[in-house]
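Trainee: The listed protein sequences derive, respectively, from chains A and B. Numbering-wise (the numbering used here), the first sequence opens with residue 585 and increments by one. Numbering-wise (the numbering used here), the second sequence opens with residue 585 and increments by one.
None of these hints come from the bench; they were simulated from the model. Treat the hints with care, as some may be off.
[As the list claims (entries may be wrong)] Negatives, chain A to chain B, calculated, CB over 10 Å: (1) LYS629; (2) SER643; (3) PHE685; (4) ASP686; (5) LYS700; (6) GLY702; (7) GLY740; (8) SER763; (9) THR790; (10) THR806; (11) LEU851; (12) SER896.
[Stated by the list, open to error] Restraint-style ranges between C-beta atoms, simulated for each label pair: (13) B:TYR639 <-> A:GLY679: 46 to 52 Å; (14) B:ARG853 <-> A:GLU885: 49 to 55 Å; (15) A:THR919 <-> B:THR764: 55 to 61 Å; (16) A:GLY832 <-> B:ARG853: 35 to 41 Å; (17) A:GLU660 <-> B:LEU741: 49 to 55 Å; (18) B:LEU692 <-> A:ASP689: 27 to 33 Å.
[What the hints assert, rightly or not] Okay, the calculated bits of chain B under chain A, using three or more residues with CB under 8 Å as the criterion: (19) 736 to 746; (20) 818 to 828; (21) 835 to 849; (22) 853 to 860; (23) 870 to 881.
We put the beta carbon where it would ideally sit given N, CA and C, even for glycine.
2 protein chains.
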Amino acid sequence: MQHGRIPSNDQFSGGLNAIVKRFEDLGFAVERKASTAGRPTSTGKPSIFGHIPDYPVGSLFDDRMAVKSAGLHRHEVDEISGRPSDGADAIVLNGGYREDFDEGDYVLYTGQGGRKNGATHQTEDQTLTRGNLALVKSETDGLPVRVIRGHRGAEGLSPASGYRYDGLYRVERHFHQRSTDGPFIYRFELRHIEDDDPSVKPFSVTDEPPDGDEAPARAHGTTQRIVRNTQVTQWVKDLYDGRCQICGVSLLTPTGVYSEGAHVRPLGRPHDGADMVSNVLCLCPNCHVLLDKGAIRVDPETFMVLDVLTGSEVGVLRLAAGHPLDAKFIDYHSTHIADQPMRQPGA
Amino acid sequence: MQHGRIPSNDQFSGGLNAIVKRFEDLGFAVERKASTAGRPTSTGKPSIFGHIPDYPVGSLFDDRMAVKSAGLHRHEVDEISGRPSDGADAIVLNGGYREDFDEGDYVLYTGQGGRKNGATHQTEDQTLTRGNLALVKSETDGLPVRVIRGHRGAEGLSPASGYRYDGLYRVERHFHQRSTDGPFIYRFELRHIEDDDPSVKPFSVTDEPPDGDEAPARAHGTTQRIVRNTQVTQWVKDLYDGRCQICGVSLLTPTGVYSEGAHVRPLGRPHDGADMVSNVLCLCPNCHVLLDKGAIRVDPETFMVLDVLTGSEVGVLRLAAGHPLDAKFIDYHSTHIADQPMRQPGA
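Based on the sequences and whatever the hints tell you, model everything.
Mentor: Have a look at this one:
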């Protein structure tokens with residue numbers, strides 16, 4: 585058997601073009617940048633993800649300029665460092681947004697924007713652009729985000745003066761919600777990555793293939809996605825013999841059918857969904873991701889599954905006898921998870 | 585909008601029947617048991633997963649009978665407790681298999697069987713049946729397995745006498761391999777679940793819907809699957825704009841395309857695959873699961889993607905210019921991951 589490098593073939597026709605076309609079909613004007621998305625351009629330095637050499641967790645800085653000079657954060661004023669094309673690599677927590685909620689290892693972070701003419705409160709809806717879109721890219725791809733706390737941040741968690749590098753976090757989820765001021769804000773859930781995580785080596789997104797690692801540790805890299813199982817999800821998966829309630833696929837492996845139990849209203853704060861069979865669907869991994877990310881939603885009255893971007897019907901939710909699914913959880917998902925104002929960014 | 589319990593509809597036609605038919609098409613004789621798979625039958629007590637009340641981690645027992653009486657393990661002699669229909673809930677590590685490798689938090693566990701007439705070495709190939717199949721069910725579904733160590737186990741990790749309950753482990757992966765005696769054995773990788781995991785409540789698989797939990801902690805339940813990201817996987821995902829190299833799907837979400845970087849030869853021991861672009865594919869979650877579980881394989885010469893169970897062609901691996909995929913990793917996957925002797929259990 586021949587080994588060695590496989591020559592590339594021409595069977596791959598770019599997926600991005602199909603997506604651009606889909607956006608154009610939806611009425612968006614899509615302009616392709618000169619360089620490939622996600623690659624450094626002449627308009628800015630590439631984002632660096634992970635710890636920065638010589639600046640361990642706990643490093644202190646007099647001001648934002650010092651943070652910037654160390655390479656920990658791209659800006660002097662903006663809270664979010666990064667670009668939509670390659671993700672956010674750092675944020676600053678310094679008490680600027682009243683909706684910020686800081687528990688140390690868990691942070692509920694407010695997106696940027698929505699403040700006209702230097703207001704210190706929300707005057708209009710935030711949009712999924714710039715730093716907010718960069719944080720979403722970090723969530724989707726599991727990129728590590730450096731957290732820098734300033735002296736105006738949460739008491740007991742923030743430095744007495746200046747700024748402190750507090751290590752790497754991952755963006756677990758985001759959603760949008762009305763602020764106490766009225767207009768919509770984006771909220772990002774960040775969770776601390778253990779400091780002994782082997783993904784400490786900084787990296788940037790490059791055109792050239794990265795060198796990689798010939799013998800990495802098992803738990804290599806940052807977590808992009810975790811699927812859990814409980815007695816409740818197990819029961820629902822067994823009820824459907826692992827068949828996806830949305831697309832009907834059974835992922836048959838040599839050792840059984842693989843499926844996942846999806847909580848329609850997410851567990852834990854801030855959504856506080858229940859781990860009960862009335863809140864769980866049996867899905868294939870693809871449909872699970874689409875549901876979690878709000879790309880599809882279920883109509884609470886007809887159980888039609890709808891593509892959120894196009895509004896088109898994907899199918900009908902399959903429901904087995906004895907599965908007491910509760911429509912109020914479906915309604916919650918439609919309202920809070922699958923209702924992102926992307927099609928009308930200003931709405 | 586109406587809320588409340590959604591009445592079940594009749595649009596669901598059992599997925600299991602389709603699978604049974606597929607097996608029958610493949611020439612298997614499939615006999616449906618009187619009761620539903622995964623439910624307790626009159627032929628045995630249901631398996632109980634998780635910690636057992638009154639027997640905390642570290643509990644000591646004089647002998648296997650005492651372990652059984654406590655409800656920690658189903659058998660007095662067999663090492664694996666559980667049934668293929670509902671998973672393995674406990675194992676004993678007591679030095680009975682020379683291929684067992686015990687590091688405490690990480691265990692490489694040998695399957696049962698393959699020893700004719702009470703031999704203490706492997707005389708024939710182990711089969712994916714009984715306890716071995718039960719452990720695979722625990723892997724697929726993320727069920728917690730109690731580990732009980734006996735005094736003949738690894739030095740420094742085992743009790744001086746009798747048996748000790750050492751907490752919950754998850755089955756991360758399994759594979760089959762030649763034993764030092766010659767015949768094939770199954771090997772299971774188990775990893776310790778932190779003791780403060782909220783999934784401590786014992787549960788069994790029941791016909792009735794479980795009560796569940798109205799306000800569970802966020803990190804509820806055991807881990808069924810973790811997807812990680814590295815600079816290397818990120819680069820490959822960007823190269824394909826997130827489009828699956830096997831099925832061609834782009835999972836478009838309101839915030840970007842979701843895809844996963846799959847290591848063809850798995851990372852970490854015992855496979856020791858490289859985190860290099862030559863070992864990584866850009867896949868959708870469904871194809872990623874099928875590849876990881878060995879349900880599909882790629883022909884190292886033609887790059888045809890093949891269904892391992894049927895041998896039929898699924899498609900051709902899409903390969904972009906500049907992606908130096910290395911055929912030796914594909915070959916490794918075909919030989920070690922996607923070569924489970926299920927079709928000929930005695931082979």
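Trainee: Taking 10 Å as the cut and beta carbons as the points, is ASP686 of chain A off the interface with chain B?
Mentor: holds, 16 Å
Trainee: Could you let me know if the closest chain B CB is still more than 10 Å away from the CB of LYS629 of chain A?
Mentor: holds, 17 Å
Trainee: Between ARG853 of chain B and GLU885 of chain A, is the Cβ distance one that fits in 49 to 55 Å?
Mentor: holds, 52 Å
Trainee: Minimum C-beta separation from LYS700 of chain A to chain B exceeding 10 Å: can you confirm that?
Mentor: With a cut-off of 10 Å, LYS700 of chain A remains clear of chain B, as the shortest Cβ separation is near 25 Å.
Trainee: Is it the case that SER643 of chain A keeps its Cβ farther than 10 Å from each residue Cβ in chain B?
Mentor: Holds: least Cβ distance 23 Å, greater than 10 Å.
Trainee: How does the coverage statement for the stretch 853 to 860 of chain B fare against chain A, requiring three or more residues with Cβ below 8 Å from a Cβ of that chain?
Mentor: It holds, with 5 qualifying residues against the three required.
Trainee: PHE685 of chain A clear of chain B by more than 10 Å, beta carbon to beta carbon?
Mentor: PHE685 of chain A is indeed farther than 10 Å from all Cβ atoms of chain B, at 14 Å.
Trainee: With a Cβ-Cβ cutoff of 8 Å, does the stretch 870 to 881 of chain B contain at least three residues near chain A?
Mentor: holds (count 7)
Trainee: Are LEU692 of chain B and ASP689 of chain A spaced within 27 to 33 Å by their CB atoms?
Mentor: With Cβ atoms ~32 Å apart, the hint holds.
Trainee: Against chain B, does GLY740 of chain A keep a CB gap of more than 10 Å to every residue?
Mentor: Since the minimum Cβ distance to chain B is about 22 Å, GLY740 of chain A lies beyond 10 Å and the statement holds.
Trainee: Are at least 3 residues of the stretch 818 to 828 of chain B within less than 8 Å of chain A when you compare beta carbons?
Mentor: Check passed, 8 qualifying residues.
Trainee: Per the stated criterion, does the least C-beta distance between LEU851 of chain A and chain B lie above 10 Å, as a non-interface residue requires?
Mentor: For LEU851 of chain A, whose nearest Cβ neighbour in chain B is about 6 Å away, the distance does not exceed 10 Å, so it is violated.
Comparing the model with each numbered hint stated earlier shows that hints 9, 10, 11, 19 do not hold.
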